[in-house]
Structure formats: C-alpha cells, structure tokens
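Turn these sequences into a full structure, and let the hints steer you where they fit.
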Amino acid sequence: MFDLDLGAVWRYRELLYFLVWREVKIRYKQAALGVAWAVVQPLFTVLIFTTIFGIFARFPSDGLPYPVFALAAVLPWTYFAEALRRGATGLVSDADLVRKIYFPRLIIPIAGVTSPLVDFLFGMLILVGVMFWYGIVPGWTIVLVPLWLLITLSLALAIGLWLGPINVRYRDVMHTLPFVTQVWMFATPIVYPLSMIPQKWQALYSLNPMVGIIEGFRWSLLGTGQPHLQSIAISLSVIALALVGGTIYFRKMERSFADVI
Amino acid sequence: MSKDIAIQARGLGKRYLLGAAGSRNDSFRDVLVAGARALVGGGRKSAFKEFWALRDASFDIRHGENVGIVGLNGAGKSTLLKILSRITEPATGSASIHGRLGALLEVGTGFHGELTGRENVFLYGSILGMRKEEVRRKFDAIVEFSEIANFIDTPVKRYSSGMYVRLAFSVAAHLEPDILLLDEVLAVGDLAFQRKCIEHAKELQKRDATILFVSHNMFSIKTMCDRVIYLRKGEVVYDGNVPGGIELYEQDCRGAALSWTDTKPEEWPIYITGSELIDEHGVARNLFDFGERMTLRLHYDTRQAVDDPNFIVAMIRSDGVAACNYSTELDGLSLGRVTGPGTIELQLPAIKLVSEMYSISVLIRAKGFQQILCGQTAGTFHVRHHLFNTHFGVFHEPGHWQRVERDSAPRIASGQR
Numbered sequence: 001m002f003d004l005d006l007g008a009v010w011r012y013r014e015l016l017y018f019l020v021w022r023e024v025k026i027r028y029k030q031a032a033l034g035v036a037w038a039v040v041q042p043l044f045t046v047l048i049f050t051t052i053f054g055i056f057a058r059f060p061s062d063g064l065p066y067p068v069f070a071l072a073a074v075l076p077w078t079y080f081a082e083a084l085r086r087g088a089t090g091l092v093s094d095a096d097l098v099r100k101i102y103f104p105r106l107i108i109p110i111a112g113v114t115s116p117l118v119d120f121l122f123g124m125l126i127l128v129g130v131m132f133w134y135g136i137v138p139g140w141t142i143v144l145v146p147l148w149l150l151i152t153l154s155l156a157l158a159i160g161l162w163l164g165p166i167n168v169r170y171r172d173v174m175h176t177l178p179f180v181t182q183v184w185m186f187a188t189p190i191v192y193p194l195s196m197i198p199q200k201w202q203a204l205y206s207l208n209p210m211v212g213i214i215e216g217f218r219w220s221l222l223g224t225g226q227p228h229l230q231s232i233a234i235s236l237s238v239i240a241l242a243l244v245g246g247t248i249y250f251r252k253m254e255r256s257f258a259d260v261i
Numbered sequence: 262m263s264k265d266i267a268i269q270a271r272g273l274g275k276r277y278l279l280g281a282a283g284s285r286n287d288s289f290r291d292v293l294v295a296g297a298r299a300l301v302g303g304g305r306k307s308a309f310k311e312f313w314a315l316r317d318a319s320f321d322i323r324h325g326e327n328v329g330i331v332g333l334n335g336a337g338k339s340t341l342l343k344i345l346s347r348i349t350e351p352a353t354g355s356a357s358i359h360g361r362l363g364a365l366l367e368v369g370t371g372f373h374g375e376l377t378g379r380e381n382v383f384l385y386g387s388i389l390g391m392r393k394e395e396v397r398r399k400f401d402a403i404v405e406f407s408e409i410a411n412f413i414d415t416p417v418k419r420y421s422s423g424m425y426v427r428l429a430f431s432v433a434a435h436l437e438p439d440i441l442l443l444d445e446v447l448a449v450g451d452l453a454f455q456r457k458c459i460e461h462a463k464e465l466q467k468r469d470a471t472i473l474f475v476s477h478n479m480f481s482i483k484t485m486c487d488r489v490i491y492l493r494k495g496e497v498v499y500d501g502n503v504p505g506g507i508e509l510y511e512q513d514c515r516g517a518a519l520s521w522t523d524t525k526p527e528e529w530p531i532y533i534t535g536s537e538l539i540d541e542h543g544v545a546r547n548l549f550d551f552g553e554r555m556t557l558r559l560h561y562d563t564r565q566a567v568d569d570p571n572f573i574v575a576m577i578r579s580d581g582v583a584a585c586n587y588s589t590e591l592d593g594l595s596l597g598r599v600t601g602p603g604t605i606e607l608q609l610p611a612i613k614l615v616s617e618m619y620s621i622s623v624l625i626r627a628k629g630f631q632q633i634l635c636g637q638t639a640g641t642f643h644v645r646h647h648l649f650n651t652h653f654g655v656f657h658e659p660g661h662w663q664r665v666e667r668d669s670a671p672r673i674a675s676g677q678r
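Chains as they are written, first to last, in our numbering: chain A, 1 to 261; chain B, 262 to 678.
Quick caveat, the hints were computed from the structure, so don't treat them as lab data.
From the three backbone atoms N, C-alpha and C, an ideal C-beta is built for every residue, glycine too.
Accuracy of the hints is not assured; some may be wrong.
[What the hints assert, rightly or not] FRET-style restraints, in silico, Cβ to Cβ:
1. 266(B) / 5(A): 19 to 25 Å
2. 10(A) / 266(B): 24 to 30 Å
3. 37(A) / 402(B): 36 to 42 Å
4. 276(B) / 229(A): 49 to 55 Å
5. 198(A) / 353(B): 55 to 61 Å
6. 147(A) / 279(B): 48 to 54 Å
7. 10(A) / 402(B): 27 to 33 Å
Here it is, written out as structure tokens:
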C-alpha cells in the first residue's frame with residue numbers, strides 16, 4: 001500500500017519534460033500576442049485592483065506604491081490558481097492518454113503544476129520593471145523567492161493530488177474550482193495587507209496556508225513585514241502531510257482511472 | 262529462439278459495474294440521489310450489474326512468439342491488452358511481463374494538433390516511453406518511414422487523417438520493444454502503407470520480438486501469427502494453432518449481430534438463424550475460384566409477422582471495403598407477408614471480385630429501405646485468383662478493346678454548338 005513507486009516517475013522524467021513543454025508551446029503558439037499574454041493578464045489585474053482598491057477604497061499598502069504592493073502578490077497568486085486548476089483537471093484533459101497509454105499517472109498533476117511556472121517567470125520581469133520605475137531595490141531576501149515558489153507548487157500539487165482523482169469521477173470539481181479559487185483569493189492578503197486583519201482574528205486567518213506564502217513573497221521581493229515563522233511552520237507541515245497523503249490516495253485511485261475517466 | 266517466458270498471465274479477470282452510477286460522467290448529484298433512494302428503499306444495495314469483461318484468463322507466452330488474440334466484438338480482447346499494458350488493473354489474477362513492453366492500442370493518442378510533425382514525433386515518442394536521445398537518433402528513419410518528410414514542420418492539424426496516422430505509426434514502429442501489443446492498428450492507412458507495416462512487424466519478428474496482435478482481419482492473423490488465443494465472452498476458449506482459431510472465429514461470425522446495429526438482437530422482429538454458401542454442385546464451401554458461381558442460402562425466423570422485408574446482402578472485403586451489394590427489393594423479389602421460419606436463396610453471378618477474404622453482412626430492412634429490422638454476419642469466404650488482387654481494384658471484368666480508324670473518330674465539335 002505504501003509502495004508509491006516514485007522510481008517510475010523518475011524513469012519517465014522526460015515525459016514530464018515533454019508534457020510541460022507541450023503546455024507552454026501550445027499556450028503561446030496560437031495567440032497573436034504570444035508570450036505577451038503572460039504579462040498582459042497580471043498587468044490588467046493589477047490595474048483594476050489599483051483603481052478599485054488602491055484609489056477608490058484607499059486600502060493601505062504597507063507604505064508601498066499600491067501597484068507594486070499588489071503585483072508582488074498577484075503574480076504568485078496567479079501562478080497558484082493556474083497550477084491548482086491544471087493540477088486538478090489535468091487527468092481529465094488528458095483522458096485519451098490515460099485511457100490508451102500506460103505511464104505513471106503522477107506525471108500529469110506534476111506537469112500541471114510545473115507548466116504555469118513559465119508564466120510566472122515572465123511576470124517577474126514585469127515586476128522588476130515596475131519596481132525599477134518606482135525606484136524600489138529588492139534586498140538580499142529576493143534569493144528566497146524560489147523557495148516560496150517551491151512551497152506554492154507543493155501546495156498546489158498536494159491539493160491537485162486529492163482533487164484530480166475526485167474530478168475523474170465527479171466533474172463537479174472542475175466546475176466548482178474557479179469559484180473556490182476566487183473566494184480563496186479574497187481570503188488571502190492580495191489586495192489588502194495582513195495588517196488590515198484585526199489582531200484577534202489573525203491566528204485563525206493564518207490557517208489559510210496561502211497567507212504565510214503571499215506574505216513571504218512580499219517580504220522577499222519588497223522587504224515588507226517579517227515572515228511569521230510559526231504560521232509558516234504550520235503551513236509547511238500541513239502541505240507535507242497533504243502531499244504524502246495525496247500521493248498515497250492518488251496511487252490507490254489511479255488503478256481505476258482508465259475505467260471511469 | 263529463446264524459450265524464456267515473456268508474458269505470464271494467471272487467472273486474469275476484469276469486472277465492470279454496469280448501471281446508473283457505474284456510467285461515466287456521473288456527477289455528485291447522482292450519487293446523492295442514489296444514496297437517498299437507497300435510504301428510502303430500505304437500504305437495498307444498488308442496481309449495479311456486474312459484468313465480467315475478462316474472466317480467469319491464464320496463458321504463457323514465450324519470447325519470440327507471435328500470438329493473435331481473436332474473438333468477436335466485446336469478447337474481452339481489448340480489455341486483455343489494457344491489463345497487459347498496465348493501463349488498467351485486473352480485478353483478479355496477475356500478469357508478469359519480462360522485457361521492454363510497447364503497447365499500441367490506438368495510433369496517435371497524444372498527438373497534439375497545434376504542434377508540428379517534428380514536435381509531435383518527440384512528444385509521442387516520449388509518451389510511448391522512448392528517451393529523447395533515442396528519438397533524436399531515429400528521427401530521420403521515422404520521417405522516412407512515414408513518407409511525409411515535406412510536411413514535417415507543418416502543424417499536424419493540417420494533416421490528412423492518413424498522414425497523421427502514418428506519422429504516428431512510424432514513431433511507434435521505431436519503439437523496438439521486446440514485447441509489442443497491437444490493437445488493430447495495422448488497419449490504418451492505405452493498402453501500400455499497411456503492407457509496409459506488416460513488413461515492419463515481420464522485421465520485428467526476425468529480431469525475436471514477441472507480438473500480441475488483436476485483429477478481426479484473419480488475413481493479417483494468418484500472415485503474422487503462429488498461435489491464436491481465442492476469447493469468447495471474456496473467457497479463453499481456445500489456445501492453439503492458427504487454423505483452429507480462425508475456424509472458430511468463422512463459426513462464431515456466422516449469425517453474429519453486426520456491431521453497429523443499435524437495437525437489441527433479442528427484439529428483432531425477423532432474424533437469420535443460419536446460412537450456407539454452396540457451389541454449383543450444392544456443396545458447402547468457403548473458398549471459391551474467381552469466376553465460379555456461388556449461392557448463399559439464408560435461414561430466417563420471425564417473432565412477429567413482417568410485411569415485405571427487404572433482404573440485403575453485402576460482401577465486405579477484409580479491409581472494410583463494401584465490395585458489392587444485393588437486395589431483394591432492387592432485384593425484384595417481393596416476399597409479401599413473412600411469418601415463421603423460412604429459407605431464402607441468393608444465386609450470385611459469376612464471382613468477379615478480386616482475390617481476397619470477404620465477409621457477408623445481411624441486413625433486413627422494412628419495405629423501401631426504411632428501418633433496419635436486423636443486421637447479422639453470415640460467414641466469410643475467400644476468392645482465389647493467381648493475378649487479380651486488390652491492386653486491380655475491387656473487381657475485374659474484361660473490357661472490349663479495339664483499334665479505331667482515324668476516319669471513324671467521333672467529332673469533338675458535335676457535342677458543342
């Protein structure tokens with residue numbers, strides 16, 4: 001039962017590479033704007049957020065220009081939402097493969113959470129540009145960004161491992177997911193700072209693992225606040241547990257994928 | 262030839278649950294509804310119906326053997342291949358595979374329309390389990406085999422279906438597995454390409470590869486295999502030499518319902534109970550020489566009276582080409598009201614079909630080519646001729662040639678103003 005056969009995943013690592021490569025290639029191939037889409041989307045989101053929350057609602061932004069404050073959180077969030085979506089629905093979108101060809105099924109959610117990283121990288125270029133525009137220089141903490149990214153990926157993968165098999169059976173998952181992601185975004189300090197949450201609610205609020213992660217990104221990129229070690233530790237243990245449990249669950253469920261998908 | 266075991270199957274079984282909640286795409290709501298019903302219905306267990314697609318299949322296949330998996334539609338052939346290729350797990354039993362396994366259950370699954378031929382070769386290669394380095398090394402050979410070198414940098418969505426399949430098969434053909442599972446994939450592309458594929462499979466055989474081959478084409482089974490495993494309703498009922506397996510298939514084919522009829526055979530108002538092909542001396546045969554005359558005798562029975570049924574007989578060549586067609590209505594026989602068992606005979610003109618294997622399909626339609634009342638197969642036959650094969654087309658009939666004097670040539674202008 002605990003034979004997770006991760007060796008098989010390793011043997012098929014080139015397939016993982018090609019699936020990611022396929023996703024990236026297809027995404028930009030037929031779009032006239034091509035790679036620019038990776039940049040346009042978060043840029044417009046930030047423009048809207050800045051107008052509504054920054055200018056009209058006058059949300060505080062930790063003493064930073066609101067666009068920089070928002071973009072530093074919108075980019076990782078966009079990555080997370082996309083990784084979550086692809087991680088959970090990849091099995092169904094590749095149903096033909098699942099039905100007709102053998103390969104370790106774990107490859108699909110792993111590829112799903114990996115491919116949106118490319119968008120994130122392009123988005124980072126924009127962030128650097130915007131920071132430069134506002135004259136903000138990142139500190140040494142910027143080297144920790146890959147670490148936060150890895151934690152985000154693990155979280156998306158952990159959830160994908162649970163939701164993917166359920167989605168194979170009940171497509172309700174993919175219909176519910178966009179809605180849940182949207183609610184989740186507003187429960188995470190993206191458009192407002194963590195400091196806006198009343199002190200007595202902060203502990204409860206930090207149970208949302210994305211809170212620590214997004215704050216971590218802001219801290220690494222912009223130097224705001226301090227990473228809250230305790231809530232990060234909680235996030236990490238929850239993610240680790242969900243990841244191991246998810247892998248076991250996934251391996252157990254994958255036996256019937258080809259029959260029910 | 263090495264005598265090591267390549268595939269060892271012990272008691273393989275696969276069970277599917279049929280019924281409302283066992284079907285695909287059921288949503289969470291269906292489960293809630295079913296759960297509520299079960300509660301209200303006093304905890305009655307569910308309307309699941311068990312269906313064994315494969316049951317207690319055991320066999321050993323040695324390295325270098327070429328085994329045909331034969332049986333009617335729904336006999337469990339594809340399920341068997343899916344289990345052996347690890348796509349799905351068996352409900353009972355186990356299979357052990359010794360060697361690098363390549364499975365081709367469908368050609369081109371994993372191709373992506375937006376990507377070019379070149380990109381797809383790499384993608385598909387890795388999906389089939391090849392290393393990037395390996396694909397790179399074999400790339401030129403793959404493209405050459407596919408005969409579509411000019412289009413290799415075109416997105417495959419612009420390919421014709423033939424080109425698509427050629428490229429996909431070429432990648433698969435270069436997999437060089439020790440054990441190859443093939444599901445009807447040779448039935449693709451034009452005839453010349455099919456030949457090439459069979460040649461390629463023979464090359465694999467020479468290198469002592471093991472091939473498991475599912476097909477309805479008894480010609481391919483004959484040319485490719487040296488052993489047949491015959492499945493009937495999920496069970497292995499025969500495991501032995503090729504002629505014996507083909508014989509069994511032809512027996513089972515007689516009277517079987519055509520796969521594409523959508524009504525239940527048990528409900529057909531009229532149906533075929535038996536059929537014979539006989540020669541001019543009244544002897545039952547299924548090998549005929551080109552130019553012979555044969556007679557097809559069909560025995561039928563009815564569940565209710567049928568007015569003016571239209572019997573249609575079609576000869577389907579082994580590659581799926583509908584070669585010719587006869588109908589009581591077109592040929593001017595009115596059967597009136599039909600009740601109870603009876604026999605009808607079709608005397609065919611001298612056979613002009615080229616040398617090949619044909620299967621006979623019988624359709625009975627209501628008067629005027631309306632609704633299909635019944636669709637069954639009525640056996641197979643072979644036509645023999647030393648020269649006329651499919652390269653000569655579907656049939657051969659001599660034409661009349663003559664040399665024309667210049668004066669008597671028709672005036673081209675005569676048709677114009």
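Given the hint of 19 to 25 Å, check if residue 266(B) and residue 5(A) actually sit that far apart at their C-beta atoms. 23 Å, holds
Can the suggested window of 49 to 55 Å be confirmed for the beta-carbon pair residue 276(B) and residue 229(A)? Holds, at about 52 Å.
Is 27 to 33 Å right for how far apart the beta carbons of residue 10(A) and residue 402(B) are? 28 Å, holds
24 to 30 Å was suggested as the range; check whether the CB atoms of residue 10(A) and residue 266(B) agree with it. 28 Å, holds
Quick check: does the Cβ-Cβ distance between residue 147(A) and residue 279(B) fall within 48 to 54 Å? 50 Å, holds
Range agreement (Cβ of residue 402(B) with Cβ of residue 37(A), hint 36 to 42 Å): This hint holds: roughly 38 Å between Cβ atoms.
For residue 198(A) and residue 353(B), compare the CB-CB distance with the range 55 to 61 Å and indicate the outcome. Given about 60 Å between the Cβ atoms, the range holds.
Violated hints: none; the structure is consistent with every hint.
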